[in-house]
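**Q** Protein sequences appear in the order of chains A and B.
Counting from 1, one number per residue, gives the positions in the first sequence under UniProt numbering.
Counting from 1, one number per residue, gives the positions in the second sequence under UniProt numbering.
Just to be clear, a hint being listed does not mean it is correct.
Claimed, not checked - Per the computed footprint, the stretches of chain A lying under chain B, defined by three or more beta-carbons under 8 angstroms from a beta-carbon of chain B, are:
no., segment
1, 186 to 200
2, 204 to 217
What the hints assert, rightly or not - Only pairs whose alpha carbons sit at most 20 angstroms apart, straight line, appear in this in silico EDC-like list of lysine to aspartate or glutamate:
no., chain 1, residue 1, chain 2, residue 2
3, B, K107, B, E158
4, B, K16, A, E194
5, B, K239, B, D32
6, B, K215, B, D52
7, B, K144, B, E158
8, A, K193, B, D52
9, B, K215, B, E184
10, B, K248, B, E262
11, B, K16, B, E101
12, B, K98, A, D132
13, B, K239, B, E251
14, B, K132, A, E194
15, B, K248, B, D350
16, B, K97, A, E197
17, B, K107, A, E197
18, B, K213, B, D240
19, A, K193, A, D279
20, B, K138, B, E150
21, B, K132, A, E197
22, A, K193, B, E190
23, B, K215, B, E158
24, A, K193, B, E262
Hints listed in this document are in silico derivations from the structure and should not be mistaken for laboratory results.
Backbone N, C-alpha and C define an ideal beta-carbon position, used for all residues, glycine too.
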Amino acid sequence: MAEKSWLTEFPEMDRSDLISIRKTLDSAYREFSRAYGDSIEAFFDPLLSFLSGFEQLLLNSPWWLVLISITGLAYAASRSWKLSGAIALSLLAIGYFGMWEDTMRTLSMITVCTVLAIMLGIPIGILMARSDKVQKVFTPILDVMQTMPAFVYLIPVVMLLGIGKIPGLIAVIIYAIPPVIRLTNLGIRLVDKEVLEASTAFGASPMQRLVGVQLPLAMPNIMAGINQTIMMALAMVVIASMIGVKGLGQPVLKSITNQYFTLGLLNGLAIVALAIMFDRVSQAWAKRSQQYREGSHV
Amino acid sequence: MSELISVRNLYKIFGKSPEKAVELVKAGQSKDELMNQANHSLGLKDINLTIDRGEIFVIMGLSGSGKSTLIRHFNRLIDPTEGEIIVDGVDVMKLSKKELEQFRRHKMSMVFQRFGLLPHRTVLDNVSYGLKVQGIKKDERLQKARQWLETVGLKGYEQQFPSQLSGGQQQRVGLARALCTDAEILLMDEAFSALDPLIRSEMQDQLIELQEKLKKTIVFITHDLDEALRLGDRIAILKDGELVQLGKPEEILLNPATEYVEAFVKDVNRARALTVETVMQPPVCRISASTIGGALEQMKKLPERYGYYVTDEGYQGVVLQDTLEEAAQTNASDTLGEDMMEELDAVSPDAILESVIPDTLETDYPLPVVDAEGELQGELSRSNLIEVLGETSRQAA
């Protein structure tokens, strides 16, 4: 019977086989999460307390103090009164429209995610730049991380860790970390060979070469990666809100299900305002730290 | 002069399995054959040379000749496929990673074609980079760097970034950086090739001037024969990874070993590349007697009717047989006086030929060549000059 059908219909796997495969995998993972879920959760405890602590700090401090600190930080990084003023104004508007708390929650989430992504991403990028083998292994993994729909990897994370901040954080980092890894790798690989050779010729050790030459010269690319990572993390807030991450994502989610256009728009705009803040400040800082590239006449 | 760097039977092959390819090269395969049949690139083939302490050793060749590969073997930026590199008694190949770092920090420094400066560091930080790598304290290394910057003529540029400087200035920074570590050996990889001609010859002058004071051992790579002849105490010519000739500049210019070298040499302006010393003949007509009679005695044995009068204080002037004979008849005293000599300015053995051409044309006699101590070293005749300079025009024609 098979002879006539495989030409017209795709020779599929037997349905019962597929079901049994699914069942086996699902139950194996469920057993794994039952057995190790608690210890894995315990492993992330310090991270959770750090995240909660930072969030509480932002929420419990008086609003004007937070506003002044953020504006001050923005000025310190960019040295631009215009940019700092615009940031203060948008924060005032956010507070006035009643989104202060949610914005602070999102801000703390994004900050912690970005810091973690940088702490993990730059060393991985360095490893990839050092060895073609490592690069070959990591490139497809990064491809999967960037293209796999976020909802798909939310499932195992939630199964393992339940609903809450940590699974949200992991989901955001998985989604947002590839740019910083890729651009660190690229940046280091693009460092002028002759400059590196000069450093070697003067007897620099591998560490001296990395810290003194490769990282500083790769910095524009790394900064672009960090910038992309921040943007992607912000884009992920709404999806993360589906697994219980509080912040600007939740009102957006509520607006979708209840068709509250204005609420959705306001919270969406608050996310945009945060994104622009992060972007402009980090760009301005990066540009300021790369001053040696200006005024070249060669 | 003692031997400082010695390279023995050095082979370098680029490719997947260089060890196998080396055997093919030893069996006589050429660079092209190796590329086409075994897909390996021949970098260097059986290089043997020694470099003496304190000399400027120029390695010359066109692109692809392996000169940059060779210089990178001295500090092991490239590892050889086979062969030995001994620097000051140390087998460089036997150094461990840490020892190699120490070796690079203290024994050799390098100047690069495209400068290789750190773009994110100031000029001063760049110059002191070698000392920073060595772990020397900031005050000390910056002070030293300032001195070297002043030596290369860049005082006042300390806080600039390399990109704010012109090419020539950037390479001065590169040179100062290399000198700042006080390494005995200076490797210069096409150091002046990226500069425009005027700046290049300025830098060459500066290097020669510095070398007179510092007496380093300099290995200089270039594709420019004029530069090689100008700087080199000895020149090695590479072609397709093989050493085709090694010798003093004048040896290479006057006796090219192969057609390849000859083709190179024919475009060289010999009048500018050769010094009087390399062309002059030994002084045959030397008159040392202090009396007219004695001088005439000496002159009769000579092939010519003139002579260079030399005393204990050195060269005095030219005396002619006719004048002496006349003087012997008319003068009462027998002493050879100054009035019997013709004024004829001597030339220095280090002078380049071009500068003495007018003098040679103006006099009837060969020019006396006198060194700095006043000693007569040789004579330079018009025909000497034509013979040497004419050869080029014949070849060029």
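**Q** Give a verdict on every hint.
**A** Outcome of the hint check:
Coverage of the segment 186 to 200 of chain A by chain B holds [criterion: at least 3 residues with CB-CB distance below 8 angstroms; count 7]. A count of 7 residues in the segment 204 to 217 of chain A with a Cβ less than 8 angstroms from any Cβ of chain B is obtained; the coverage claim is therefore met, three being the minimum. Restraint check: the Cα-Cα separation between K107 of chain B and E158 of chain B comes to about 26 angstroms, which exceeds 20 angstroms; the hinted pair is violated. Using a Cα cut-off of 20 angstroms, the hinted pair K16 of chain B and E194 of chain A is violated, with the two alpha carbons roughly 24 angstroms apart.
As the CA atoms of K239 of chain B and D32 of chain B are separated by approximately 13 angstroms, the hinted pair is consistent with the 20 angstroms bound. Restraint check: the Cα-Cα separation between K215 of chain B and D52 of chain B comes to about 11 angstroms, which is no more than 20 angstroms; the hinted pair holds. The hinted pair formed by K144 of chain B and E158 of chain B meets the criterion: a straight-line CA distance of about 12 angstroms does not exceed 20 angstroms. Between K193 of chain A and D52 of chain B the CA atoms are separated by roughly 31 angstroms; this puts the pair beyond 20 angstroms, and the hint is violated.
Distance restraint check for K215 of chain B and E184 of chain B: the Cα-Cα separation of roughly 9 angstroms lies within the 20 angstroms cut-off, and the hinted pair is therefore satisfied. Taking the CA atoms of K248 of chain B and E262 of chain B, the gap is near 15 angstroms; set against the 20 angstroms cutoff, the hint holds. Between K16 of chain B and E101 of chain B the alpha-carbon distance is near 27 angstroms, which puts this suggested pair outside the 20 angstroms criterion. Between K98 of chain B and D132 of chain A, the direct Cα distance comes to roughly 24 angstroms. Violation of the 20 angstroms bound is thereby established for this hinted pair.
Straight-line distance between C-alpha atoms of K239 of chain B and E251 of chain B comes to about 18 angstroms, which keeps the hinted pair within the 20 angstroms bound. For the hint pairing K132 of chain B with E194 of chain A, the CA-to-CA distance comes to about 19 angstroms; that is within 20 angstroms, so the pair holds. A distance of roughly 15 angstroms separates the Cα atoms of K248 of chain B and D350 of chain B; the hinted pair therefore holds under the 20 angstroms criterion. Note on K97 of chain B and E197 of chain A: the hinted pairing holds, with a Cα-Cα distance of about 16 angstroms set against a maximum of 20 angstroms.
Under the criterion of a C-alpha separation no larger than 20 angstroms, the hint pairing K107 of chain B with E197 of chain A is consistent with the structure, at around 17 angstroms. For the suggested pair K213 of chain B and D240 of chain B, the alpha carbons sit about 36 angstroms apart, so the restraint of at most 20 angstroms is broken. For the hint linking K193 of chain A to D279 of chain A, the alpha-carbon distance of about 31 angstroms lies beyond 20 angstroms, and the restraint is violated. With a CA separation close to 18 angstroms, the supplied pair K138 of chain B and E150 of chain B stays within the 20 angstroms bound.
Distance check on the hinted pair: K132 of chain B and E197 of chain A sit about 16 angstroms apart at the alpha-carbon level, within 20 angstroms; holds. Our distance criterion of 20 angstroms between C-alpha atoms is met by K193 of chain A and E190 of chain B, whose separation comes to about 16 angstroms. Straight-line distance between C-alpha atoms of K215 of chain B and E158 of chain B comes to about 26 angstroms, which puts the hinted pair past the 20 angstroms bound. Under the criterion of a C-alpha separation no larger than 20 angstroms, the hint pairing K193 of chain A with E262 of chain B is inconsistent with the structure, at around 35 angstroms.
In this structure, the hints that do not hold are numbers 3, 4, 8, 11, 12, 18, 19, 23 and 24, in rising order.
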